[in-house]
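The listed protein sequences correspond, in order, to chains A and B.
Reminder that position 63 of the first sequence reads as 63 in this note's numbering, one-by-one numbering, no gaps.
Reminder that position 201 of the second sequence reads as 201 in this note's numbering, one-by-one numbering, no gaps.
Bear in mind the hints are in silico, worked out from the structure with no lab data behind them.
Treat the hints loosely; a few may be bogus.
Partial chain B-side listing against chain A, Cβ under 10 Å, derived [unchecked claim]:
1) I61
2) G69
3) N104
4) A105
5) R145
6) P149
7) G178
Negatives, chain B to chain A, calculated, CB over 12 Å [what the hints assert, rightly or not]:
8) C13
9) R24
10) R29
11) E117
12) T133
13) R134
14) G169
15) H170
16) D201
Here a beta-carbon is modelled for each residue, glycine too, at the ideal position from N, C-alpha and C.
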Amino acid sequence: MLIRPKEGILDPQGKAVERALPALGFEGVSHVRVGRLVELEAESADHLGELCEKLLANPLIEDYEIETVDQEPRHPRTADGARRRTSPRQPGPGDVGGGGGQ
Amino acid sequence: MTVFGVIQFPGSCDDRDALAGADRAGEARMLWHEETDLGGIDAVIVPGGFSYGDYLRAGAIARFSPVMGAVAEFAADGGPVLGICNGFQVLCEAGLLPGALLPNAGLRFVCRQVEVEVERADTAFTGGCEPGTRLSIPVKHMSGRYFAPADALDDLEANGQVVFRYAEGHNPNGSARGIAGVCGEGRNVVGLMPHPEHAVDPLTGSDDGLGLFASAAAAGEPAAARR
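Whenever a hint applies, use it, and build me the whole structure from the sequences.
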C-alpha cells in the first residue's frame with residue numbers, strides 16, 4: 001500500500017526535502033510529496049481496500065494505492081507448510097484504487 | 001458530584017494532569033483502555049500523550065481500543081466527551097469529531113503558552129465561559145494542524161461548531177482558519193489541541209483551563225443527582 005498526502009494538502013515534510021535538494025546540487029526537482037509504504041502478506045486481496053480505508057490511510061487527508069505482487073510468502077504461517085496457498089491473481093483495475101474514496 | 005472518567009491508553013502522558021484538573025471540578029477516576037463499561041461516569045476525558053506511540057498516524061490505533069466502542073455509545077447517548085491534544089486526534093480518527101490533525105506546518109514540535117478564544121458557550125465543556133473570553137493555555141504537539149475540506153469548514157462555521165480559535169498571531173501550527181477546537185453536531189463531544197489540564201493552577205502560570213472542567217461539572221450536576 002502506497003499512502004500519500006492528498007493533492008492540495010500542504011506536506012511540510014515534502015517541502016523540507018524539496019528545499020534541501022538544491023543545496024546538494026539536485027536542480028529541477030519540484031512537487032516533492034512524502035508518503036509511506038506498507039508491505040504485508042495477505043491470503044486474499046479482497047479486503048485490502050477496506051483495510052486502507054479503516055486503518056492504514058485516513059481518506060480525509062490521504063490517498064492510497066494498492067499494488068498486489070503474487071509470490072511465495074516470505075513468512076509462511078507454520079513450519080510444516082500448512083498455510084493455505086492463494087491462487088495466482090492478476091492485477092486488475094481494482095488494484096489501483098482509493099483516491100481517498102470518500 | 002459529577003464523575004469524570006479519564007481514559008488511559010498505553011502511551012498516554014497527560015492522563016494524570018487531566019485527572020487532577022477534573023478532580024478540582026468534580027470527582028475523577030482513571031479508566032484503563034480495556035474498560036468497556038462506563039457505568040457511573042458522567043463525563044469522559046480522552047487525554048493527551050502518544051497513544052500507541054503515535055504509530056501510523058496520531059490517534060489511528062487508539063480509536064480501536066476496547067474502550068472506544070463504549071465512548072462512542074456514551075457520546076451517541078449525549079454524554080459529554082472531551083478530547084485534548086492526542087485525545088482530539090483520537091476522536092477525529094474515530095469519526096466522533098469532524099476533520100483531521102496534520103503535522104504542524106513548521107514541521108517542529110511546538111511547546112508554548114498560547115491565547116485561545118472561546119467562540120461558543122453552548123457546548124458541554126464551555127457552558128460556564130463567556131463567548132469571546134481569551135484563555136491562556138499551553139500547546140505541545142507535533143501534529144496539531146487542524147484540517148477539513150473548505151466546504152466542510154464552511155459548514156462547521158455555519159453550524160457554530162468552531163468552539164475555540166487561536167487569537168490573532170497565536171496559531172502555532174498552521175491550523176485552517178485558526179481553529180483550535182471543535183465540537184460535534186450534538187455539542188456534547190468537544191476536542192481541542194491546547195491543554196486546559198495544564199492550566200489549572202496559578203502556580204504554573206494560568207488557571208484558565210479550569211473553566212472547561214467546571215462547565216462540564218456544572219452541566220453534569222443534574223445527571224449526577226439523578227443517579
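Numbered hints the structure breaks, given as an ascending list: 2, 7
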